[in-house]
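Residue numbers (numbering that gives the first Met the number 0): 0 to 176.
Do not take every clue at face value.
[As the list claims (entries may be wrong)] In silico PhoX-like links for lysine-lysine, alpha-carbon gap of 20 Å or less:
(1) Lys-121 <-> Lys-28
(2) Lys-28 <-> Lys-80
(3) Lys-28 <-> Lys-73
(4) Lys-25 <-> Lys-72
(5) Lys-121 <-> Lys-73
(6) Lys-121 <-> Lys-80
(7) Lys-72 <-> Lys-121
(8) Lys-80 <-> Lys-125
(9) Lys-72 <-> Lys-28
(10) Lys-125 <-> Lys-28
(11) Lys-25 <-> Lys-121
(12) Lys-125 <-> Lys-25
Derived from the structure by calculation, the hints contain no laboratory data.
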Amino acid sequence: MGPLFYIAQVIGALTTVTVVVAAQLKDMKWILMCQIAANLMVALSSAMLGGLSGAWICAVAAVQTVVLYFLDKKGISGRYKNCLLWVFAAMYVGGTVLVYSGWGDLVSCAGALLYLLAIVQKESAKYRRYICINTLLWLVYDLTILAFGNLITHGVEFVSAVVGILRLDIRKKTTDA
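Hey, can you work out the whole structure from these sequences and the hints?
This is how it looks when you write it as structure tokens:
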């Protein structure tokens, strides 16, 4: 294990702060900004560890998030946005096929497709539900490429999303009733 292994673990661990913050925010704009940064960091650490499908997926996810953020900001939705979602889904699947090396790559692709669904949500509560399932898939992928920093990040992201659901979503329902 050379220096890239350790650098990748540090980058993965630094991502933890970003995902914790994202799961606790109410405003989707700031959640998406945190997700862009987190995806870029996970892409870098995955690439350093040889996880090419994870690197590809996280790089595409960062671009997808930026594009969708600006489309929402401009008020563009409907067919144009739906077409883009299909394009990104095809990019996830196509990139996974190109770099496929084992079942872990299929897990990362499934996580990517869930992420695609998560970031198009208008309500942060629905976003958090998708992210819970997404992070479980990424935990499995992180184990396959020995991305211990990312493993910590995704584990903390899962716990943070659950806390966000309990604190912001379930509590809100009980106070509204």
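Checklist entry - Are Lys-72 and Lys-28 close enough, with their CA atoms no more than 20 Å apart? => result holds (9 Å)
Checklist entry - Going straight from one Cα to the other, do Lys-72 and Lys-121 come out at no more than 20 Å? => result Given pair Lys-72, Lys-121 holds - Cα atoms ~12 Å apart, limit 20 Å.
Checklist entry - Given the hint that Lys-125 pairs with Lys-28, does the C-alpha gap stay at or below 20 Å? => result Given pair Lys-125, Lys-28 holds - Cα atoms ~15 Å apart, limit 20 Å.
Checklist entry - Does the structure keep Lys-121 and Lys-80 at a Cα separation of 20 Å or less? => result holds (14 Å)
Checklist entry - Between Lys-121 and Lys-73, does the CA-CA distance stay at or below 20 Å? => result Within the cut-off at roughly 15 Å; holds.
Next on the checklist: Need the status of pair Lys-28, Lys-73: alpha-carbon distance at most 20 Å?
Outcome noted: holds (13 Å)
Checklist entry - When you check the alpha-carbon spacing of Lys-125 and Lys-25, does it fall within 20 Å? => result Holds, at roughly 11 Å.
Next on the checklist: Next pair to validate is Lys-28 with Lys-80; report whether the Cα-Cα distance is within 20 Å.
Outcome noted: holds (17 Å)
Next on the checklist: Run the distance test for Lys-121 versus Lys-28: straight-line Cα separation, threshold 20 Å.
Outcome noted: holds (10 Å)
Next on the checklist: What's the verdict on Lys-80 and Lys-125, does the C-alpha distance respect the 20 Å limit or exceed it?
Outcome noted: holds (19 Å)
Checklist entry - Does the structure keep Lys-25 and Lys-121 at a Cα separation of 20 Å or less? => result holds (11 Å)
Item to check | Given pair status - Lys-72, Lys-25, alpha carbons within 20 Å | outcome: holds (17 Å)
Checked against the numbered hints above, the structure violates none of them.
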